[in-house]
Amino acid sequence: VAPSVMYVDSESESPLFPYKGKDAAAKTITAVLNAMTNNDSKSVACVPGVEIRIVSGSRLTDSGMVLDVPIVIRGESDNPTNVVITASAKGTRAFTLNNDGAQIENLTVSGSGALSQNGGHVSVSKGTVRNCIIENGSTSTGYDSVYGNNIFLSGGILEVTAGRTPFADNKIRLNFSTG
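Those letters in the sequence shown? Residues 56 to 234, by the numbering used here.
These are calculated hints, taken from the structure and not from any lab test. Wrong hints could be hidden among the right ones.
As the list claims (entries may be wrong) - Label pairs and their computed distance ranges (CB to CB):
no., residue 1, residue 2, range
1, T92, K181, 16 to 26 angstroms
2, E68, G210, 23 to 33 angstroms
3, G112, V60, 13 to 23 angstroms
4, P58, E214, 22 to 32 angstroms
5, S180, D78, 32 to 42 angstroms
For each residue, glycine too, the CB sits at the ideal point set by N, CA and C.
Hey, can you work out the whole structure from these sequences and the hints?
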């Protein structure tokens, strides 16, 4: 049985499942997701309600994480620059949120991006993106200006902290399609 909070620290020296504290933290989010699903798929299918807390100062290289159940991935501090997640492979999206209870919070997501449309770093059909910086993303040529270099919202919630947007240039761009 997984604890309600599991820790990730990119500098962890002694990762030990179930990652219940900073001294036994996993080195990557993917390691926690794989342990919870007991397979190599990054789709969380069996442990709803868990919070994955990422220790401040962590610089992670993770991607392809599909959140299909209520799960929270949260940076330890309220400052999203304290935890940076970079796509581990060129052409991959960091997060796809597909559940109303799925949430990412207090993170900076930066780096590569998807080779297709619909969000270079984060794609949200359900769930919440809260107090995050999402920057330096890309999608395939031809999709950039229409389908979101950094984030694609087809549903869900994007919560913006007053005075700060989740984008490096401090602008939010909304594109609407009538098709």
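Evaluated hints:
1. For T92 and K181, the Cβ-Cβ distance of about 19 angstroms falls inside the hinted range of 16 to 26 angstroms, so the restraint holds.
2. Checked against the hint of 23 to 33 angstroms, the pair E68 and G210 fails, with Cβ atoms roughly 40 angstroms apart.
3. For the hinted restraint 13 to 23 angstroms between G112 and V60, the CB-CB distance of approximately 18 angstroms keeps it satisfied.
4. The given range of 22 to 32 angstroms is respected by P58 and E214, whose C-beta atoms sit roughly 26 angstroms from each other.
5. At roughly 37 angstroms, the beta carbons of S180 and D78 sit within the given window of 32 to 42 angstroms.
The structure fails hint 2 only (numbered hints given earlier).
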